[in-house]
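Q: So the chains spell out like this:
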Amino acid sequence: MSRLESTADLEALRRRLAHERDPNRRYVAVCCGTGCTASGSRDVLAAFKEEIERRGLSGRMEAEGRVDLRRTGCHGFCEQGPLVVVRPEGIFYRRVKVEDVPEIVDALESGGVVERLLYVDPTTGEKVVKEEDVPFYRHQQRLLLANNGRIDPTDIMDYIAVGGYRALSKVLDEMGPEDVIREIKDSGLRGRGGAGFPTGIKWELCRRSEGDFKYVLCNADEGDPGAFMDRSLLEGNPHSVLEGMIIGAYAVGAREGVVYVRNEYPLAVEHMSIAIEQARGLGLLGENILGSEMSFDVRINRGGGAFVCGEETALIASVEGRAGEPRPRPPYPAERGLWGRPTLINNVKTWASVPIIINNGADWFSKIGTKTSKGTMIFSLVGKVKNTGLVEVPMGITLRQLVYDIGGGAPDGEVKAVQTGGPSGGCIPRELMDIPVDYERLAEVGSIMGSGGMIVMDERTCMVDVAKYFVSILEDESCGKCTSCREGLRQMRKILTDITEGRGKEGDIELLEELAEVVADASLCALGGTAPNPVLSTIKYFREEYEAHIREKRCPAGVCRALIRYTILEDVCTGCGLCRRNCPQGAISGEPKKPHKIDQDKCIRCGICLDVCRFGAVKVE
Amino acid sequence: MEMAEVEEILGRYEGEPGDLIPVLQDVQERYHYLPEEVLRYISGRLHVPLSQIYHVATFYNAFSLQPKGKYTISVCMGTACHVRGAPTILESLQRILGIRPGETTPDGMFSLETVHCLGACALGPLVVIGGDYHGRMTPTKLDAVLRRYRKGGG
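Protein chains in written order, with our numbering: chain A, 1 to 621; chain B, 622 to 775.
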């Protein structure tokens, strides 16, 4: 493929692709996102390739009955992976194994459906044939993720065929930089990295900053535990992010761009590298993009695995080859960023939103969502929830809709709380499940939007343990620059550890609250500034759990090891001896076919007996 | 130590101080740790003081100053894995291997480490051994999985 010399060339290419590609031709989309890959989708893909070739169904040539195979990025419903979707019909197969492949191909040839691989709606007990009818997908509004399950992320032609780089053409043909910024401002788009700063204002600031050399950065240092949407976008549709960055560069007048991506995401790095290479090959990056005056190129920088690098000034320090320690703002990166030059830095989802806004207009975009939070947001719905996966919904949807209608509720037991915003966020109790999800409402209840992690917790989740967990992460990841953050978090973790290990005392809760306030007030960056949220929100909504630990030395959820004991229910135990044989401490004794017993002095509460017992005879108290 | 390989790595970049982290990442990938000799060499070639290299090497989780075992075991301690029982998995691994996170077994077989999130939350609790994902882990399954690696190959 040769360079495209103008926007007209790009449109001609698109027309040619449309002509070559019959939209009604069948293709099998195999999800090769990280979740499905871990469940074995690469083998499934290989099996499809072999089977389709063996039967002579392969190829992109015009002919009846031909079948294409497409390796796509994350479809989102990771819980049910490996996922395979037959398009254009949208037949949705889940938990597909290599041995299922011939049967699926049989069905492809006969026009049938493999019933046993269909998803069963747990509420109605009925089989669902089409992807769009699966409850997990039905309640979503997929804009950013729209093409994730449809295109091969390693083939730029797939992206162009579905309208890719059309926004860039529009910008180059019809809009000046100021027009682009106005459009982004009018759309109401806010930074998707967590803080929700209005994107257009950031762009304007950067455009107005003096400097003949500017940078554009993509923050893909997705560090929040339980969040993986940025990775899925980079893996599944890297060109949408790249197109957003090119448009951003045009708007502020930047020459160079950097995608800063976590090293723990090798597939995202690979797909982004391929995307950059292919975009360069077509002249969508490099000198005189699409024959215009604009020149811009992008490179990848792999992160070193430091949570704090998600903070923009720390990220910039890391790109410069230094330890990722934040610095005070102002000056903001838009004024003085990478190598001291004006730098426009946005999150992956923010960048991917840009082409959508340009294509559909600010008016259209701003009609989605709430008064203050526009557009859609991607959440990773994880933890104690039936339908784990990535969901994209309009802002303003309620937590209840997210957790129950899409997530299907908790697999066993009741949902107790939802945690949003990663370690900087808070735990929202089930009583508040009807609040609409937007930046302001989440802040009002003591949490934050964050980058979209949403962890569901049930009755078996201890909220003190959760608070300790987040504080430990932050203590570990604090860069150590500010004393309040470095030492304050350490003290908070110590107090929380004492509480969970039965050494809690009166006054600990108040001391935690006081420390939390100081850490938040006296720390430079958002890591310290928001660090108290998990502690304060759990104290606010689950104070009685703290008190049970402190006063009664009891963990109501049965999690904190020093405060629980495992016992065997005599009337349920069949004496099968499985627990006795598996106990690493030899703490379980008993005659065959007679109830067994746990020696509490030897027991280390590893939970193996609970895990292996087939009769539910092991009890935690 | 032969520096030809390090030269090859340095050759992939422009040779500026800003290239320090990518260079260290490549060295880490090649040797599974950052040998002191190599760091001294890089210091000279990139004109970055050794003290600053040490700062960077100890700041980021991706780097190790100690040699790693044949297989690195990463236990995901992300929130989703945590609420699904990751602490119990970690404890079981510590008990079975007799080492703590950051350490390597005396036979050089396994290094144990914890990571905050690998983004495969649907599979939690998750353990990654030598790059292979082992999802929905239980303390009971661990023994069998580790035995397979000891025998060679996953």
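Fair warning: there could be bad hints in the mix.
[As the list claims (entries may be wrong)] Rough simulated footprint, nothing fancy, chain B against chain A, three-plus residues with beta-carbon under 8 Å: (1) 354-364; (2) 383-391; (3) 448-457; (4) 507-516.
Keep in mind the hints are simulated off the structure, nothing from the lab.
Small disclaimer: the values here were computed from a predicted structure and weren't measured.
All C-beta atoms in this analysis are idealised placements derived from N, C-alpha and C, irrespective of residue type, glycine included.
Q: Go check the region 507-516 of chain A versus chain B for me, would you? Three or more residues, Cβ under 8 Å, otherwise it fails.
A: Three-residue rule not met by the region 507-516 of chain A, so violated; n is 0.
Q: Under a C-beta cut-off of less than 8 Å, do 3 or more residues of the region 354-364 of chain A approach chain B closely enough to confirm the stated coverage?
A: violated (count 0)
Q: Within the region 383-391 of chain A, is the number of residues with a Cβ closer than 8 Å to a Cβ of chain B three or more?
A: holds (count 4)
Q: In terms of beta carbon proximity below 8 Å, does the region 448-457 of chain A have 3 or more residues touching chain B?
A: holds (count 3)
The earlier numbered hints that this structure contradicts are 1, 4.
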